[in-house]
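Colleague: These protein sequence lines are chains E and X, in that order. Just so you know, we're using my numbering here: the first sequence kicks off at 1 and counts up by one. Just so you know, we're using my numbering here: the second sequence kicks off at 1001 and counts up by one.
One or more of the hints may lead you astray.
What the hints assert, rightly or not - Between beta-carbon pairs, the in silico distance windows are:
(1) X:LEU1045 - E:LEU116: 18 to 26 angstroms
(2) E:ILE69 - X:GLY1150: 21 to 29 angstroms
(3) X:LEU1121 - E:ALA48: 14 to 22 angstroms
(4) X:LEU1161 - E:LEU96: 25 to 33 angstroms
(5) E:ASN117 - X:TRP1171: 51 to 59 angstroms
(6) E:PHE97 - X:ARG1102: 37 to 45 angstroms
(7) X:GLY1062 - E:ALA48: 31 to 39 angstroms
(8) X:CYS1151 - E:VAL99: 36 to 44 angstroms
(9) E:ARG30 - X:LEU1113: 18 to 26 angstroms
(10) E:PHE97 - X:THR1164: 47 to 55 angstroms
(11) E:VAL37 - X:ALA1116: 37 to 45 angstroms
(12) X:ILE1130 - E:ARG30: 39 to 47 angstroms
(13) E:ILE25 - X:ALA1059: 48 to 56 angstroms
Claimed, not checked - Residues on chain X that point at chain E, a partial pick, calculated with CB under 10 angstroms:
(14) ARG1028
(15) LEU1040
(16) SER1139
(17) TRP1162
I should point out that these hints are in silico values taken from the structure, not numbers from a laboratory. Cβ coordinates follow ideal geometry from the N, Cα and C atoms, glycine included.
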Amino acid sequence: MSERPDEEMARDETAPGEESEHDSIVGGVRSYAVGLVAAAILTAASFALVQFDIVWGPAVPAALVALAIGQMGVHLVFFLHITTGPDNSNNVLALLFGVLIVALVLLGSIWIMGHLNHNLMGPMATP
Amino acid sequence: MSQTANAHDPNKWGRDSEPNPDGPAPKRIVVSYGFWIFLLSDFILFACFFAAYAVLKDATAGGPSGKDLFELKLVEAETVLLLLSSFACGMAGIGTLARDMRWFQIAMAATGLLGAGFLALEAYEFLHLIGEGAGPGRSAFLSAFFALVGCHGLHVTLGLLWLTTMMAQAWSKGFREDILRRILCFSLFWHALDIIWVALFTMIYLMGVRG
Chain E
1 MSERPDEEMA
11 RDETAPGEES
21 EHDSIVGGVR
31 SYAVGLVAAA
41 ILTAASFALV
51 QFDIVWGPAV
61 PAALVALAIG
71 QMGVHLVFFL
81 HITTGPDNSN
91 NVLALLFGVL
101 IVALVLLGSI
111 WIMGHLNHNL
121 MGPMATP
Chain X
1001 MSQTANAHDP
1011 NKWGRDSEPN
1021 PDGPAPKRIV
1031 VSYGFWIFLL
1041 SDFILFACFF
1051 AAYAVLKDAT
1061 AGGPSGKDLF
1071 ELKLVEAETV
1081 LLLLSSFACG
1091 MAGIGTLARD
1101 MRWFQIAMAA
1111 TGLLGAGFLA
1121 LEAYEFLHLI
1131 GEGAGPGRSA
1141 FLSAFFALVG
1151 CHGLHVTLGL
1161 LWLTTMMAQA
1171 WSKGFREDIL
1181 RRILCFSLFW
1191 HALDIIWVAL
1201 FTMIYLMGVR
1211 G
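Just chain E, same shape as in the assembly:
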């Protein structure tokens, strides 16, 4: 093992969802436990944000979106093992392309339909 230079190690790509091969069993369990705790804290924060008046009202949606992105990030890193390591670049590139399409579909629809509603609103229509 130790004879292999680092560059060659980097060629050994990691499959999505796979533990890093250097991790021991204990390390793997610990990583999942860290992910669980982090995800639980962020999830509890989103629910608390809605149920109690912690944050200035109009800022809540933005805070919820930020917390959701944080939770997805925790899931990706600790559960799906999608990291920024050199052995993971294919997985990350595919993910980025997926995120691009998702953002185009979602934001594009909301944007276009919002304008359409606005333009078609008659004098009697309610927003």
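Given the coordinates of chain E, assemble chain X onto it according to the supplied hints.
Modeller: Here is chain X on its own, set in the frame of chain E:
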């Protein structure tokens, strides 16, 4: 050489341990990369449902809105169940690394039971809404809601079928290389469902109850 070193490393049994620097990637990587692409296309499918929901969420046709219908306690319980299920699924993955069949089977059973609990709560919510006259036919908002949440529930149902299949296959065939690849794909699928649920409860329920 590293070839023999890998043979003695239990973490690497059943893996194509030594990649050929010029050749194709090992099958394990090709298979799960392909499955990762499928999952991303599944995310895009869900994005379409999300877009439909975002556009239609105010089209209540004089019927109840999310603010009137959603119960956060129920959603909280669903979220906890699915998160714990995802964690248990990770434990099952560690069980395959350890080549410990009992560990794997127990963790998979826990994953399945937590997932089934999630589904039961969702079924209760759906039946409750339909009973209140807020079924998918009531308004465009409710059509989009049932389509999106139902699509996620359908994925969880299929995941449960796949889960029991993997338990049976691992039991009867052992940790063979092809079985391990299927388990890896299954755990990717299961974790991805939890990611979609995060988007779902944030956008539909948490933003919905604020009106």
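Colleague: Confirm or reject each hint.
Modeller: Cross-check of the supplied hints:
no.	hint	result
1	X:LEU1045 - E:LEU116: 18 to 26 angstroms	holds, 23 angstroms
2	E:ILE69 - X:GLY1150: 21 to 29 angstroms	holds, 25 angstroms
3	X:LEU1121 - E:ALA48: 14 to 22 angstroms	holds, 21 angstroms
4	X:LEU1161 - E:LEU96: 25 to 33 angstroms	holds, 31 angstroms
5	E:ASN117 - X:TRP1171: 51 to 59 angstroms	holds, 55 angstroms
6	E:PHE97 - X:ARG1102: 37 to 45 angstroms	holds, 40 angstroms
7	X:GLY1062 - E:ALA48: 31 to 39 angstroms	holds, 33 angstroms
8	X:CYS1151 - E:VAL99: 36 to 44 angstroms	violated, 19 angstroms
9	E:ARG30 - X:LEU1113: 18 to 26 angstroms	holds, 24 angstroms
10	E:PHE97 - X:THR1164: 47 to 55 angstroms	violated, 33 angstroms
11	E:VAL37 - X:ALA1116: 37 to 45 angstroms	violated, 24 angstroms
12	X:ILE1130 - E:ARG30: 39 to 47 angstroms	holds, 44 angstroms
13	E:ILE25 - X:ALA1059: 48 to 56 angstroms	holds, 52 angstroms
14	ARG1028	holds, 6 angstroms
15	LEU1040	holds, 3 angstroms
16	SER1139	violated, 15 angstroms
17	TRP1162	violated, 14 angstroms
Against the hints set out earlier in the document, violations occur for numbers 8, 10, 11, 16 and 17.
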